[in-house]
Amino acid sequence: MNFIHPPEFKDQTRHKRIERLGLPKKVILPLSQHTGVPSQTLVKSGDTVKTGQLIASAKGFISANLHASVSGKIVAIEKSIHPVLGSFEAIIIESDGHDNKVFQEPKRDINTLSNEEIVDIVKEAGIVGLGGAAFPTHVKLSPPAAKKIDTLIINGAECEPFLSCDHRVMLEKPKELIAGIDLVAKVLGVKEVIIGIEENKLDAIEALGSALFRVKGEGCPSTSLGTGRVKVVKLKTRYPQGGEKQLIKTLLGREVPSEGLPLDIGCVVCNVQTVFSIYEAVYFGKPLYERVVTVAGSFLTKPKNVMARIGTPAKDLLESCGFIENGNAYKVVMGGPMTGVAQYSLDAPVIKGTSGILVLDKTLKVEEENECIRCSRCIEACPAGLMPCMIGIGVKNNRFDIAKSYEPLDCIECGSCGYVCPSNIQLVQLIKLAKLK
Amino acid sequence: MPDSIFTVSPAPHIKSGLSSRKIMYLVALSLLPAGIAGVYIFGLSSLKVIALSILACIASEAVFLKLRNKDPMVALDGSAILTGLLLAYNLPPEIPFWIPVIGGVVSIIIGKQIFGGLGHNIFNPALVGRVFLQISWPVYMTTWKNPRWAVDAVSTATPLAREGAASFSYMDLFLGNHGGCMGEVCILALLLGAAVLLFTKIISFHIPASFIGAVMLFGWIFGGEGFFKGDFIFHLLTGGLVLGAFFMATDYVTRPLTKKGKVIFGIGCGLLTILIRLRGGYPEGVSYAILFMNAVVPMIDRYTKTRKYGFVQG
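Chains as they are written, first to last, in the working numbering: chain V, 1 to 437; chain F, 1 to 314.
For the record, the hints were derived by calculation from the structure and aren't laboratory data.
Certain hints may be false.
What the hints assert, rightly or not - In silico PhoX-like pairs for lysine-lysine, Cα to Cα no more than 25 Å straight-line:
1) V/Lys404 <-> F/Lys260
2) V/Lys437 <-> F/Lys305
3) V/Lys249 <-> F/Lys308
4) F/Lys15 <-> V/Lys365
5) V/Lys362 <-> F/Lys15
6) F/Lys15 <-> V/Lys10
7) F/Lys70 <-> V/Lys365
Please model the complete structure; the sequences and the hints are all you need to start from.
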């Protein structure tokens, strides 16, 4: 497998504790924040809602619930700015500033919860994969009976430069994470749990290791934790180590078949923040309405990790991090610098899959695209073993038959090819086009 | 806060920082030691050939770009300079001034621009120019100058033309103390540049190793009277093998894309070089071997695709 080694840029925020900010005045909650069918609105303009109230429900199996992230009044349900899709139908809530919560800590014995009950709680809480792809978590937790899952992998690689939100969660909430892992392991009935963390986060490896040690002494409901088949594995710092398929190959030596899913080879991968939100949902009845976001880059006097309400406009978060608007900010990216989306407006809201908001300066200017010189760097960088330049050439010449013969569907869109290309060719873009044709 | 002042572009938003232009100039830089050695060994006439060849390449590229309604300044992207440099290194150190000029024009126009410019040519442009000159003016192209300090100014044969072979020690051949093309004689200087290219990962070892390995292997097997008696060190140190294997066969545009393809390409180049050297009409075969293998690159590429993730169970 091929990897690249981009600079890490993590020092700005890796040592900053997760901060809780004041409530946003207004939140924009798009109905599509997850992989699958958009949620269905349950409220109408003018309704008052409380924090954590279900405002749109999952439509079908591969879909997710959506909850109000502040208490207040719904001012509009309309097409609105979306950080990934450009624009999408969204529920807009004006905060009343009180943050009245609708949920409360359930009085139940966690140990007696059945697997189905846990999956239901996860589904009700609208939890999706918080690593970026936002795949509904309840779907992951209910694999078809025919698929035997033997390994649960917890993804703490956080290989994208700049980002340190997962790192901070691992450092600050290790006990909670272990409790969450315990729940997921129990539901899946796995024999083994592996927590994979890149070696640039030794403190997180240490924190989870010692939390694990303590929890083992206290006894656990799931067999995997109880019998000690859980381990924290130090991963090499390289990109895209945290890609689901790459992580599985590194840890288990197995390859997810082309166009298949991890469960086809007996494993499930969960991001650390996803596990944390599962913990919160089960233990406190708290739906997913906030997440940790790394705000970093240039022109910020106080870059930090913030616990942000879903729907908070990027502008609010940037201002709280001391964003200096001097006209020199070149690009604002939501997500990591390798796979994130450049924003045209700072009104774009944080959605469930948003891991970071980055301000980039002109040193990262987009250079003019030149002819492909067949240097083969993209081939040597591609973690999926593809030949990006050939797909690119096919697409550029409108020969989609040629492009298709190089299997663009197996591209994981990690951006490694574009990163190394000396001719500045937007290879990921071209491959995405090949996928659509 | 004014909106829409931000640049919107697809991911990734960070770049490795290595541009095509930087690569071209780095390769040109790595060719410098061999050029300095050439000028030192054969005198200032070599410098003139280098200058004329590079100027001809840049000028013809700029003119042709203009004719194609493209920015003529692209001629300074480093690729034309590199072609000019490589062409000059493949010429005898003292030839009429118009030979490198014609060579440069042919290299750029016939070798490169006709196909669509940088990235689209099938054959190594510098070798197209060199072979064109070789066929058109064989006498000029094989009138070799001896090193400055030699008794006879003009020798008629390179060590590869067999009758001359006996009189050279391996050390003479390694340092370039004999007649030949100006950029190919000093192996030491070439290896210095090659080390830079390998170290900076501009080229990988696949092509040079398989090319040189094949030449030495087949030279050893077939090069002597009877099998396994050939002087493979002689085959390594003479002709344009080192220049060709490290600097010409590794040209991105005209070599295969994958590691497997590169090895096949290198072995093919080596086999053909020995075939031409031992059985062909020319004493030297590196240029023709590379050009021939350039032609089969699309086929090699087709049959040496990479192994994709997820197509074989781990």
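Quick rundown of the hints versus the structure:
no.	hint	in the structure
1	V/Lys404 <-> F/Lys260	holds (22 Å)
2	V/Lys437 <-> F/Lys305	holds (22 Å)
3	V/Lys249 <-> F/Lys308	holds (13 Å)
4	F/Lys15 <-> V/Lys365	holds (9 Å)
5	V/Lys362 <-> F/Lys15	holds (12 Å)
6	F/Lys15 <-> V/Lys10	holds (16 Å)
7	F/Lys70 <-> V/Lys365	holds (23 Å)
When held up to the earlier numbered hints, the structure conflicts with none and fits them all.
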